[in-house]
Amino acid sequence: MIETEKLGKQYSYKEIISDVTFRVEEGEMFGLIGPSGAGKSTLLRLLDLLEEQTEGSLSLLGEPVTRNPTERLKLRLRMAMLLQKPVVFNTSVEGNIALGLKFRKVGKAETAQKVHDALDAIGLTGYGTRKAITLSGGEAQRVALARAMVTEPEILYLDEPTANLDPPSTEKIEQLVVRMNKELGTTVILSTHDLLQGQRLAKRIGVLMNGKLLQTETTRKIFHQPQSTQIARFVGMDNLIDGKVIATDREEVTIATGNVEIHALSSYPVETKVTALFRGEDVTIDLYPRSTTSARNLLHGTIEKLVPVGPFEHVLIDCGVLIIALVTIRSVEDLGLAPGKEVWVSFKATAVHVIAQNS
Amino acid sequence: MVNEIVDGFVQAFWLIVNLDPEVIEITLRSLEISLAATIFGALVALPLGGFIHFHEFRGKRILVNIIQTLYALPTVIAGLFLFLFISRAGPFGFLGLLFTPGGMVIAQFILILPILIGLTISALSTIDRDTRLTVTSLGASSSQSVFTIMQEARFAIFAAVILGFGRAISEVGAAMMIGGNIRGATRVLTTAITLETSIGNFSLSIALGIILLGVAVIVNLILNVAQQR
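Residue numbers (this note's numbering), protein chains in the order written: chain A, 1 to 359; chain B, 1 to 229.
Honestly, the hints are just simulated from the structure, not real lab data. Glycine included, each C-beta is placed from N, C-alpha and C at the ideal position. Be aware that a few hints might be false.
[Unchecked claim] A few chain B residues facing chain A, derived, Cβ under 8 Å: (1) Asp130; (2) Leu133; (3) Thr136; (4) Gly139; (5) Ala140; (6) Gln144; (7) Glu152.
Extracted from the complex, chain B is given alone in its bound form (with noise of 0.2 Å):
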């Protein structure tokens, strides 16, 4: 066992520098479908967080609570209430989105949205009480100051976007249910790990396994310098 674990180690590293085809699709697969989830997330998610922070309405504490309850939420339950959705009978089953990047890029977006949402308010709570007072006084009309105090808060913002990508290119339950890891169509880095060392073929999996740490390691990167500007 031991020896396979080197040898895969040897292997993988081949299949990374040899720049293999099918490890790059993958890759590149991988990423473009979260970035898209963590995009149109972010173009929800911000307004969205804005709006009820900004605003005092009943039952927002609760609704606030529900959103980071739903931090935790299980990818394999996203997966599932999507799939009744969008399955051939479901109420969506017509656009056919089964199977498809385009349905993991709506699973991975239900899945990080509750933490874009929910840290964009967190952000937007640490700005005090005399920055706003400030931006008031100075005049702001209420799209002004709604802006301005975004732009305040927007490395915690930044922060809170790149964990929603880091938390929707790890998963792997909705990804495997949804997509349904079709080899060239809807494998990613985590449903190839998931298949590759079921059947044995270790290198392989080592191989993505690296590179996926290796994604989050710049995620990591980008996050540190971000925050120390």
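Looking at chain A on its own, in the form it has when it is part of the complex (with noise of 0.2 Å):
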């Protein structure tokens, strides 16, 4: 549906993005995330044939792309794209609504009752006549994306499309490009630097950094098993710990790191310097060492601090070693966790994901 080949973008001399080869099926929802200007934008313009690669091919609906201008449009008219900024015209809604189905000479009576049903679907029924320029920051990208709505595309690019919406305005429009995904069947690339909607939406995840695709995985894997530790704390990962390891079991190994040990499951031979990645939703915290835990790791330590994350708080333990643990604020209180306390924390060796260091 979708195939680049070491696609690569540079504007007079700078970089933009280089070396990037993935693969996009057909109806499937996939997500690009990396932090703000890692070339996420430029990589969605370049597939959505607005500008032309400097390295590299790409084929798009099984089409190799050329630089045809005749071909290029004729591909461009089988896709649509959702802008980070909303876009709208200096007119009503409805001509806004029906400016793509204006380039694809679509008849009057067609092109009214797909700009009504449209209206319907982002839930701005009588908005019809009323300028575009008059809308809100969510109503206009509502607006922008029933217009890429209305032309059918076959793949849909979103290049951060609620980066600067309410929370109200960002599910509404979550909500119908699902059911484009869904019903429709619509390919969509969804851009973001929100790793919560990059989880809510895709299924499978692109990490995009510094210009390079570092990691193409599914969504579990991406927020569990990193490749490396750039995306590992770009995810989110709370414990990133170094160390090395020391014996090896099966599949299980143990990694030293000052006097602590830590068990996990990987593969790496003895002498290894490794990190081992571990989410702090996975850390368990206890008054007492539990002996019923089924968890391979558990360590005594005092607490350090705790810092307020939304409805959780991140609690920093020195076990000789820092473990970070993400706990809701009621356990918190339950546990009466503070600064000084002394506690037990446990996590499973399969909660933790070992990496090679310079990897």
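Each of the two chains sits in its own frame; use the hints to bring them together as a complex.
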């Protein structure tokens, strides 16, 4: 459906993206995550054929993309894109939604029907004759989505579509996109720096950093088994602990870090310098050592401090090595967690992802 | 002198109220010539401005700079050049355009063309990149894309045209040199004011001046209404 091969783009000697190779299947909802400035927008502009790559090649909808403007326009007519900043034209809401149909020379009656249905779908029934520039940001972005929707694209690109929107507008946009993907089978590529949005919507995610696609995996794997510490930090891995493999036993390794040992599932040989990665929510805190736990890792330590994160708190515990746990505020209150308190932390060997250092 | 001014205003008032035939004739001719120059100018400048804006070529920046410099093209220089071209001995002398309204239309056309082209380019540059990308992404062909973006910049382009008209109707140098201020043939508001003032006929001068200002006020009003939409 979408296939790129060593795709790259340079602007006057500044490389924005390079060596991007990936595939997206028909009907897939693919997430593209990465920090701002990583090249996500540039990649989407290349895929929507708004710009030409300076290196590599791509094929869309089963056809290799050439430089021929007529052929590019033909492919572009089967795709649509929504930008981060809501773009509306200085005309009525109807006129805005109908624009893509006008370019396709769709008849008046059919256009009117589609515009009407689209207004319903985006929850702006009755807004048709309003001036589009008077709409709020959220409304304008919904109109922009409707404008893309009515052209019935086979591929829809979303470039941080809700970055500037309030939560209700974000939810509405996400619902519509999910519907297009499920009901019409539209292939969707969504770029976002909002990890939760990526997690909510995408089945598979590509991590773009500094113009390079570092890892392309299922969403679960991206969040639990990042390939590098760079990605681990970006996807919110709380614990990145450097150490050395000191023993192996079948699938399990023992990693020494300071005077603490961590058990994890991995196949790295003894003496390998590794980083153990695990999420704060996989760490359990108890006031006494649990006898019934199946967790292979049980450490004793003292709470250093608590840092609130929304409805949760990050609990920083000095166990000889700093372990960060993510617990609900309720648990913090129930257990009476406070700096200086001694606690037991436990986490499963399966929760720990091990990567070799310098990877 | 003060008396003469007051007197002038009183007489001017009656000339306008009584629809003095000569005043009407001069006003209408002024409007006709300048409107014609503006319409022809817009017909050439809009596509040309669009072409320059939407195409990348060598020397584009220099060209735009030259166009902007020509905003200040002195009217007498425009008049002089055109005079040399269309006077009987000039290369286009055979057309017999010198001292005709047609010649004046050409003179004003030349005069305002840089403003029209330059401001059309400026108007189009105000359309941001995201808007252009969206048009392309929606599947516009190159002509559909140019048309849509011009439409998006329509108010700014309209303002450019109105400004061009303002310069055309208020200039005197080219109108005098090419038209010759011939009574009943090429006399327009500005040339009439020049002449009547020089022969001491202040009341007619003031009346024509008020009308010229009136035209400017109307043009400004139209511009304001357009920009508020």
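Now the hints, each set against the structure:
For Asp130 (chain B), the interface hint holds, the least distance from its beta-carbon to any beta-carbon of chain A being 5 Å, beneath 8 Å. For Leu133 (chain B), the shortest C-beta to C-beta distance to chain A is roughly 5 Å, which falls under 8 Å, so the interface hint holds. With 8 Å as the threshold, the beta carbon of Thr136 (chain B) comes within range of chain A, its nearest partner Cβ sitting at about 6 Å, so the hint holds. Contact between Gly139 (chain B) and chain A, as hinted, is supported at the beta carbon level, the nearest pair being about 4 Å apart and thus within 8 Å.
Among the interface hints, the one on Ala140 (chain B) holds; its C-beta lies about 5 Å from the nearest C-beta in chain A, closer than the 8 Å criterion. Annotation: interface hint on Gln144 (chain B) holds; nearest CB of chain A at approximately 5 Å, less than 8 Å. This hint holds: Glu152 (chain B) has a C-beta 6 Å from the nearest C-beta of chain A, less than the 8 Å allowed.
Violated hints are absent here; each numbered hint is respected by the structure.
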